[in-house]
Amino acid sequence: MEHLLQVENLVIGFRTAKGTSQAVRDVSFSLEEGETLCIVGESGSGKSITSLSLLGLLPENGDIAKGSIRFKGEELVGKKEEALRKLRGNKISMIFQEPMTALNPVFTIGYQLQEPLIIHQNLSKQEARKRSMALLAEVGIPNPKEKLDQYPHELSGGMRQRVMIAMALACEPSLLIADEPTTALDVTIQAQILDLIDDLKEQLGMGVVFVTHDMGVVAEIADKVMVMYAGEVVETGDVKTIFEDPQHPYTKGLLAAVPNVDDETQELSIIPGSMPSVDDEIEGCRFHPRCPFAMDICKQKKPPVMNVSENHSSRCWLQEVNNHDKSTVTS
Amino acid sequence: MIGLIIRRLGQLVLLLFGISFIVFMSMHIAPGDPATIIGGPTASESDLEAIRDELGLNDPVLVQYADYIKGVVQGDFGFSYQTAQPVGEAIATRLPNTIKLATASMIVAVIIGIFAGMISAMKQNSWLDVTSTTFALAGVSIPNFWLGTMLILAFSVNLQWLPIGGLSEPFYTTEGFKQLILPAITLGTGSAALIARMARSSMLEVIRADYIRTAKAKGVKQRSIIWVHALRNAMIPVITVIGINFGGLLGGTIITEQVFAINGVGRLMIDAIASRDFPMVQGTVLLVAAIFVIVNLIVDIVYAVIDPRISYD
Amino acid sequence: MTNQQSLLEVEDLKTYYPIKGGILNRTKANVKAVNDVSLEVYEGETLGIVGESGCGKSTLGRTLLGLEKKTGGTIHFRGEDIGDLSEKKLKKYKKDMQMIFQDPFASLNPRQKIGNALEEIFIIHTSLSKSERKERVRKLLTEVGLKEEHYDRFPHEFSGGQRQRIGIARAIALNPSLIVCDEAVSALDVSVQAQIITLLKELQAKYHLTYLFISHDLGVVRHISDRVLVMYLGKTVELGTTEQIYNNALHPYTKALLSSIPRPIPGRKRERIKLQGDLPSASNYPTGCPFHTRCPIATAQCKEVVPEWREMEAGHFVACHEI
Amino acid sequence: ACSSGSDDASGGESSSGGSGDVPKEITYGSTTDAKGLSPIDTNDSVSSNVITQVYETLFRLNPETMEPEPLLAESYETPDENTWVIKLNEGITFHDGTPFNAEAVKYTFDELKDPERAAPRASLLEPIASIEVQDEYTVVLKTEQPYGPMLAALSHTNASIVSPTADQEGDINREPVGTGPFVFEAWNEGDSLSLTKNEDYWREPAQLEKVTFKIVPEYSTAISMLQTGEIQFLDAIPSDHISRIESLDNVEVQKKEGTRVSYLGFNMEKEPYNELEFRQAVAYAIDQEAYVSQLNGLGVHNESIIGPRVFGYNEEANESAYEFDLEKAKQIIEENGYGNETVTLMSPNRDNYMKMAEIVQSQLTEAGLKVEIETMEWGAYLDATRVGEHEISFSGWANSTADGSELLYPNLHSDNIDASNNARYNNEEFNKLVEESRVTVDQEVRKEKLHAANMLAIEDAPWIIMEHGMVTAAFDKSIKGFEIDPTGTWSLYRVTRE
Amino acid sequence: MSAEVVLGKKAVAEKKDGFFIQTFKKLLKNKLAVFGLVIISLQIILAIFAPFLVSYGPNEQNLALTNQGVGTEGHILGTDNYGRDMWSRIVYGARISLVVGISTVAIGLVGGITLGLLAGYFKKLDNIIMRFMDLLFAFPGILLAMLIIATLGTSLVNVVIAISIWSIPGFARIVRGSVLSIKKQEYILAMRSIGASNTRILLKHILPNCTAPIIVNATMRMGTAILSTASLSFLGLGAQPPTPEWGAMIAAGQDFMWDAPHIAIIPGVAIMLTIFAFNVVGDGLRDALDPNMDIQA
Ligand SMILES: Nc1ncnc2c1ncn2[C@@H]1O[C@H](COP(=O)(O)OP(=O)(O)OP(=O)(O)O)[C@@H](O)[C@H]1O
Ligand SMILES: Nc1ncnc2c1ncn2[C@@H]1O[C@H](COP(=O)(O)OP(=O)(O)OP(=O)(O)O)[C@@H](O)[C@H]1O
Ligand SMILES: [Mg+2]
Ligand SMILES: [Mg+2]
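Residue numbers (my numbering), protein chains in the order written: chain Y, 478 to 808; chain U, 2 to 314; chain V, 283 to 605; chain Z, 6 to 503; chain R, 23 to 319.
Just so you know, these hints were derived from the structure itself, not from any lab.
Hints are not guaranteed to be accurate.
[Stated by the list, open to error] Listed next, the in silico DSBU-like pairs over lysine-lysine satisfying Cα-Cα at most 30 Å (straight line):
hint: 1; chain 1: U; residue 1: LYS101; chain 2: Z; residue 2: LYS261
hint: 2; chain 1: V; residue 1: LYS429; chain 2: Y; residue 2: LYS729
hint: 3; chain 1: Z; residue 1: LYS29; chain 2: Z; residue 2: LYS275
hint: 4; chain 1: V; residue 1: LYS537; chain 2: Y; residue 2: LYS717
hint: 5; chain 1: R; residue 1: LYS205; chain 2: V; residue 2: LYS302
hint: 6; chain 1: Y; residue 1: LYS543; chain 2: Y; residue 2: LYS568
Using the sequences and the hints given, assemble the complete structure.
Right, dumping it as structure tokens:
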């Protein structure tokens, strides 16, 4: 079966003043049409870099060192810039975190909205303008006609993010990548935006890769979840499994550390320490210095990705123990 | 915008007032009596006294200043001590040359500067960047008068391609255009270099901005990313540099006019300072300051045109 | 929460920022960042302040500490009017009121070693000798879970959580009674955020501290606060115990806010109260109830009349016509 | 309204031209602009250069002999020592049609002397008590005392005769009206000035149709323009540029001994400069020859104050000057302890003065003095030396009348302390000799008196002569018939282009 | 007990360097900047050891051996129009040019920093100070220098004063700009919240954090200052002869462009190299101080 998106063993390296560092280590995942994959993890875990690599938009000093990214079966790694450019904003679109800075301050909303239409669909200026007006209306912006001639700074954060979304959806892409699109917004506005993305996904049947560190958001929109820690995927599974039956100690810790609005008596649990930086080389499992269950093997050998069940995997030695237990029980 | 213009023009008046006062006082404190210069070595003390009387130099300085300001308010900038020509008229005949020179060099500076800076930024750390940086730095390091003389020797004397002196012909004629080339390059080089450096660093900053990534994500072509999305943003700090630099450029006209025998305000000004021609010094300094302020006002307006976030109301 | 002793009493507090413009650069209008706020803070409690970006939470905090000039109203600290004290007299109270900032990196001078930064507090407020000061700093560092050898390090050598610990050390250095935590954990990753919240709670218990806990994260606020104040566009809209606010919110804005929080429970169908539109900007302040432009139950009256600040039940205040 | 550079450029390339189709025009490059164009109201050499082409004087100095000979005057006689009866040429008109006559002469001279007008060269005619019109073409000048340099004074450019009508009705400082071979056309201040041929000249009209004065502040730029043919003529060549000019194929250089003298002057009112021994030490320490050798042939080594081309010169003066003798200088300096104090050499920052200052500083240092240089802008320098702020200064005197009295009286006579006697030299005996040279009409007697005064001053050494100048001009080879005279003035009347 | 875990040994060892050493290390990665540093160091060596490096005094004339070209025996760089040894003059000139550069920048800095700090920090002073700076700014530099020198007289000291005054507004603007942005930083608010006085905040917290733009600008200004002395000398307002100041040397050599071009070209090259050096070092510093540039190309 051909996946909408299939990423295999992706390794991304950065050239820095201190040498090369690996920001993303051996990441694999896949996504189907109409499905939402949430990538979660703390700051610096490699979420953005992973998502940027899908479009070939890594910073100048970053490179895909290994691995493959296939979009509808077509290999994107190593593809010519010009070929990638034709995909961008057309078949694959992206929304960024900061609606303040992601729009060019010196061009009107209209100009920026029309750009992908003119580039990819060869629309004339008038057609593009008409279409962008419709797009603005679609994302729930009142007075779209007037807004077209305004500049980004004249719009509120929520409006700007809607413009970004309209822009990303202009050419009705099959894959939408959203990198923390609501982090900078207030909760009431965030709720509106999340609803909007969800509605549009349904309408267009897109696959969505959604990057966030907010477990609440994940629970709300995800079909599948991928948890990242220090450049690695530590656990993947569908949303229910991850929330109800997390396997990796990190995932568990993360969930327990989120203060719950509805639970007055909750005791926050603590993951001691903080995340290592990308270029810290750690023997064995990258999480072991902070892991309450760390065993000897964790300090020496890097755990492989282990399947917990179909569509649920965890990169943890505990899994071996569990599996072993399970197998002994069943057999 | 109109508010800005009115406010700035109001400030200009105050500024000119301040400048005129400083200049007036410093010229009077400065050693060198205009009368001795007019009278020359042979004049007797009574000759000098007659000259001073005629020029009103025997009044108390503040009275002289008040008289001067009274005149200025009525549009009378006084008469040259040296040639008795009305200052306004003397400046008016020279101003076009200076404006021609300053404008042409600014154009040279802006075109070369932005182009070199952009190329440097786009090919950061390549040989193109190093070469262009080196040239830019050489540009700021060469004394104007030296460059001017060298250009004359090379292009006028040896190659005989371009004429040397003056800006007598209108700039739109071939001859007038040719006359402008060398002085404009001489004067523009320093500013070109500064603009190039500013353009480079501002461009480097801009191409790392989020909105450039957004443009890429939309599939915009590399060329339009640079010349459309990045350039306009990168121009914003460059424009300030242009404005500030204009002062230096005006100062540079003094030397360039000297080297290229251009009859401009700069030369009028040094001659006036040298001969303690007070009214002429006042007039030229005020004019230059006014031009500087007005150019900066224009810069601010252009600023607002380029950057919609800026509004002056 | 009986026999509560009032630490801070605020009445009709106003803080406006001028918007300048026009030909003469005169003040054209005011941003009413804090507009007629009255409240009481009790000793030893944690008062959470929530509300959306720009609603004036930080301004309120800063005004209480005297870091921002108030435009009107009164502030009493332990019964004494401190609102109009001169810079000099205020110094005495400044010792008693401290602040922890949102961005742990931005709130540290990048060119100053941590030890020196902490020592500076004692230089300003005490006449301790150098070695005594050093001793105090060492103790502080251990107190907030850092090590003595961190003394000679620069801020960039610390992780975000560690930096926030330094910020806390600075705040507790002079044994204050009140600490304003302005988004003190918002910039931290959840795992670290939990560490800091736990630390704050420990310190509160140990030193009987009073916190004004400013945050837009309602989960965190619920977790740490005794009482919660909800603000909207510079106005207080609702105040009550955590219990009252989270389980029995009265104001439509509070309700909407609470319903908008994504819950980490997959598959739960949300009954979200949808608000229309965005926050109006503070400079074109709406007449009447500031919330009426987005309020699902607004009436004609709301457009005209500013609702009163009423106590609905013991300790539960709200400003709304429709309740 | 001025000549375009390109026309001249094509015309100026004499190397390429064999056609003989050279325009009858000439462009002169001047480093500064004229201050004005009226002989009564100006006093600078650039103005003089224009005035000489447009106006004429009653007498003029013969460029060869430097003897005055009649120009607008036809003849003169001196019935007594205090009366000069001057007969004028008839039938001459000013460019504006006003007839040239005794009235015009009287008008001009009265204006020049009028304190109201404050003419800068009023001193030229100061000894004249009255100017009378005897008849249409005869003027009588009366003096109270005999005035020896009268004819030299009347030959001075600033004694040129102006059209009374033009002066009364217009501004001859901007639009000059004289009787000369060229008529003023236009003045584009700071840029250029043009004259055209006077078709109705009283003698044979000039050959040139048009003369342009172009202002080129940088001399090296001017040379480049001479080389490319944008200008055809330059004068007062700085010594540092002469070799470049001489290397140009299309240019001819004219050099002549001139009347200009450059000197080192002491402030005779300050210690230790008022001590003869100090001055002698300096005189011995300076090697003028070494200095002059740096001028590339553009200076004459002669240590007489009155130069060889000036009336009153006698070879003996040069020979009697203190000769370069480093040992003697060192000895005097050592004996008197002059080396302990710092001596400041004040120099204007132009012409050759800086060069003098630098070389003299080095030579005096060699002799054991501590020496500093203070260069000044011209205006500040004039002020400082006039009031005697200086210790030692470098200066020069152009002597446009080529008469020794016109050198010694203003510069070294005690009457002129606080004015032009910057050395503040005050010597009774010297004063007397100079006065006698002025009030004697007999030229031979005058010569003797001047020589005696000269010898006295050389001995006393208020001045130490650095050089006597050369007058120079460089012009395109197509220019013929050009003659510069020792005072540095030149007339384009007889110049042609071929 | 908790956070230390992750900061492995390696990380600690690496981050030991202080801010300046780190910056310097980054600077050393920039080839052009290293070239500039080498030139500046050489210049400093020349300046310090001048007497040991020459066989003639800088003002020692030899009128019999003038205008000798480069490579003449005994005079590597030839002689000038007074027969003075060019090498000696260049070496001694390094002293003067360095002192001129450093002292003008120093004076300009002191003035500019003071005014900039005050203007940026105290709203009330801002307008007054900055309008005054505008006034200075509106004078073209050369003109301002000419006026000052006309008033004070021609001397190297006055040239230094003139150029210093002229560089004050530039520094003031830069400092004010940084102060305005630093003032908004939270750590300043934090200082205020612990009751620190304005003086303490200005001098201990704001000033040290404006150093980056100040250093960058100062290095570049150094070049401009040396160049300005050259221009002033050209207009006859520079150093007094026979001072071997480079600017004065080119200006004087200008007259010999035809006969002995080396007299003007050698000091010209010296000036160019110096300005070039200061500028590339300034550029390099700017990059080294810019956190965005932490990556290698
Ligand atoms: N241009 C770059 N050069 C070097 N390292 C980089 C660069 N960009 C990112 N990194 C490093 O890669 C790692 C992953 O970064 P990434 O932006 O993907 O994190 P993230 O999970 O998106 O975090 P956040 O939640 O803060 O957005 C980080 O440790 C970061 O330091
Ligand atoms: N220094 C200032 N000058 C002018 N306006 C200001 C200033 N500081 C804050 N404001 C305005 O006052 C209002 C309240 O700001 P404040 O920072 O108190 O909000 P907040 O609730 O803390 O928001 P956030 O959650 O974004 O921190 C906002 O509209 C803001 O734009
Ligand atoms: Mg990210
Ligand atoms: Mg806030």
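>> Check whether the Cα positions of LYS29(Z) and LYS275(Z) lie no farther apart than 30 Å.
In response: violated (57 Å)
> LYS537(V) and LYS717(Y): Cα distance at most 30 Å?
Replying inline: Given pair LYS537(V), LYS717(Y) holds - Cα atoms ~27 Å apart, limit 30 Å.
>> Hint check: LYS205(R) vs LYS302(V), CA-CA at most 30 Å. Holds or violated?
In response: holds (19 Å)
>> Please verify whether LYS429(V) and LYS729(Y) have alpha carbons no more than 30 Å apart.
In response: Status holds; Cα separation ~28 Å.
> LYS101(U) and LYS261(Z): Cα distance at most 30 Å?
Replying inline: It is violated: about 42 Å lies between the C-alpha atoms, which goes past 30 Å.
> For the pair supplied as a hint, LYS543(Y) and LYS568(Y), is the alpha-carbon distance within the 30 Å limit?
Replying inline: Between LYS543(Y) and LYS568(Y) the Cα gap is close to 24 Å, so the pair holds against 30 Å.
Hints 1 and 3 from the list above are not met by this structure, while the remaining hints are.
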